[in-house]
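K.L.:
Read off the chains here:
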Amino acid sequence: MANENGRPKVVERDEIVRALNVGKSFGTHKVLDGINLTVRSGEVLAIIGPSGSGKSTLLRCLNQLEPQTEGSITLAGITIDARKAATKKQLTDLRRSAGMVFQSFNLFPHLSVLQNISLPQQRVLGRPKAEADIRSRALLERVGLASKADHYPVRCSGGQQQRIAIARALALDPKIMLFDEPTSALDPELGLEVLAVMKELADGGMTMVVVTHEMHFAETVSNRVMIMADGRVLEEGPSQSIMRDPQTERAQRFLQAVKNR
Amino acid sequence: MSDLFTFWLENLPTMIDGLIVSLEVTGVALAVGIPLGLLLALGVQSRTLAVRWATMAVVEIGRGAPALIMLQFFYFGLPQAGVSLTSFSAAAFALAWTTSAYTSEIIRAGLEAVPYGQKEAAAAVGFTHTDALRYIIVPQGLRVAAPALLGFSILMLQATSLCFAIALPELLSQAYMIGTNTFQYLPILILAGILYALICIPATIAVSLLERSLSRHTA
Amino acid sequence: MSAESLLVILSGIPWTLAITAGAFTMGAILGIPLCAMRVSRSWLLRSMAIVIVLILRSVPPIVWLFLLYFGIGSGFFQVGPMQASIVALGLITGANLSEIYRGALKSIHPGQWEASHALNMPRWSVFIDIMVPQLVRVILPSATSYIIGLLKDSAIASTVGVTEIAFQANFISRRHFQGLEVFAVAGLFYILISLPVAAVARYSDGVLRAKVAR
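Sequence order for the protein chains is A, B and C.
Residue 244 in this note's numbering is what sits at position 244 of the first sequence, and the numbering runs on without skipping anything.
For this note's numbering, add 1000 to where a residue sits in the second sequence, where the first one is 1.
For this note's numbering, add 2000 to where a residue sits in the third sequence, where the first one is 1.
Where hints are given, some of them may not hold.
As the list claims (entries may be wrong) - Between beta-carbon pairs, the in silico distance windows are:
id : chain 1 : residue 1 : chain 2 : residue 2 : range
1  : A       : 67        : C       : 2111      : 20 to 26 Å
2  : B       : 1117      : C       : 2048      : 18 to 24 Å
3  : B       : 1209      : A       : 90        : 45 to 51 Å
4  : B       : 1213      : C       : 2033      : 27 to 33 Å
5  : B       : 1039      : A       : 138       : 36 to 42 Å
6  : B       : 1209      : C       : 2175      : 47 to 53 Å
7  : A       : 238       : B       : 1046      : 22 to 28 Å
8  : C       : 2103      : B       : 1182      : 56 to 62 Å
9  : C       : 2011      : B       : 1182      : 33 to 39 Å
10 : C       : 2113      : B       : 1210      : 28 to 34 Å
11 : C       : 2048      : B       : 1128      : 52 to 58 Å
12 : B       : 1112      : A       : 79        : 30 to 36 Å
Note that these hints are calculated values from the structure, not bench results.
As the structure is a computational prediction, the values presented were derived from the model and not from experiment.
The C-beta atom is built at its ideal place from N, Cα and C for all residues, glycine as well.
Make the full structure from the sequences, and use the hints.
P.N.:
Shown next as structure tokens:
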């Protein structure tokens, strides 16, 4: 890994994310311990591991939905250190650069599909409504849901809602997209349409961090895979080699269990 | 029997005048009290201790003291401090306070019912705290609170009958006045009861229908 | 405000408590047949219960009070202010408590009835040993918060001359032109009286919850 000794290095130009010795405790319970992570521009990193391994928490630390209790995280040039509370401006800037897609979609149910995508552009980027709507419709087109613009989210299937959620995040022109188990709440068939959109994004050069249970996605779409267990990183490296030839016993056991399912 | 209807018919115009005053007071109390209730609901969650304590005091007094006492405080009490209110404005102030206190609790429950994921999603797209409240949390919370707020509004119309005690010429006062003039207390009070029921019964049924249809949509 | 005025207002407390207790007792009893009608198998009884409850709740308490005191009391037979207040509030309480009882019945999982029948327990034993403890646990918190509401509603008795807190406050304020303090103190008394009731509610709720902890 890039920085075993934990000393901050000069951030390279094409680095989008750098996590240094990140730890997270809830009370006395430690869910993340000494995590180091680098994501470069255009990279797709898949984070896998058994449930409770801390992978979702790590992702949520990256955009500060859960502030880490140890170490520092740099995302798109904004550094947040656990020893110092982040300012409002830092949080806004950081979240503007990171698009987040949730397991449970979290679309705004009282807004139409179009408003779901347009309102953040208007309020966060200050885009005029007409311009925001044009952008929203283009993104809906791209995720194959142009016809749903004036519907409400409840009228859409889970797979459609998740594609809308992706469009909502993309509308803010993020530098990186964070996916928190985006297909876990979906039937396998509906999950496929979401994965197709994600693959297209990856092919288009979007930087992505994906927490997932989809081993096929981890192996074929992502460039790198990170396996976590018990709040630590077990292994990390190029997708093919990690998925086919894990080195540690714990990682072998996990992959074996997943494949035998 | 026809005597009774003649008596009712004779006095109906006066009673309707009273009913209109009752509805006006209700309207003002709700129009002022519910927005105030929203502010109080947000104030109770404030991070500033002074704001939290102040809103809690306003809410606890508004909920803890009987509406009848509030009405008399504003009408008979304030002149001592040099503020003389008409019975209508005293009624409006007192009942608006009561309304704001009760509705703040209803609205707070509504805001708390908004799923945590909504707050997270609002934060994740970069909304400021104010924007998240204004566009995401408050609209959804008010929707949850709507049936309870409507139910409370029905109770508020009933509570205006307490304004009898401060000589506001609302429905009950008119009935009482006709009663003293004619000694026909029972028939005129029955008419008053019927007029209240004519509004409150359909309203109650409508609210429970709304509640049922809302719970079906969210399920 | 003089100590004498304060004492006069204090002297209203027993009456306030008496109205509250009387109306609640009446309502607690009246609520049982109303609730039984509401959940009965007979279509007629059910509709009657719905209509009675709806009417009782749709007319303001003070109008019921006036109907009893001025309406019936002035014509057919004498009704004292205290009786009228207790009965008027008791009727409304009965309607509201019947709904609270019904909610409690609905909250008991049907599996409880089925299990009791499967164990071949006698009907009365099912009710006394299995249902009542569970019902009390559900009813108690809503009933105590209802009592607090009733305590405040009892202030309407002042309009027919029961010498409870609100009446005494009104009396003093007229005599000494001290409405500001007097009504503030009266309001405070109501809040103070409701505090122990709320505490009892929280305590008993906690104890009962612990007993049937899952």
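K.L.:
Of the numbered hints stated earlier in the document, which are not met by this structure?
P.N.:
Violated hints (numbers, rising): 1, 2, 7, 8; every other hint is consistent with the structure.
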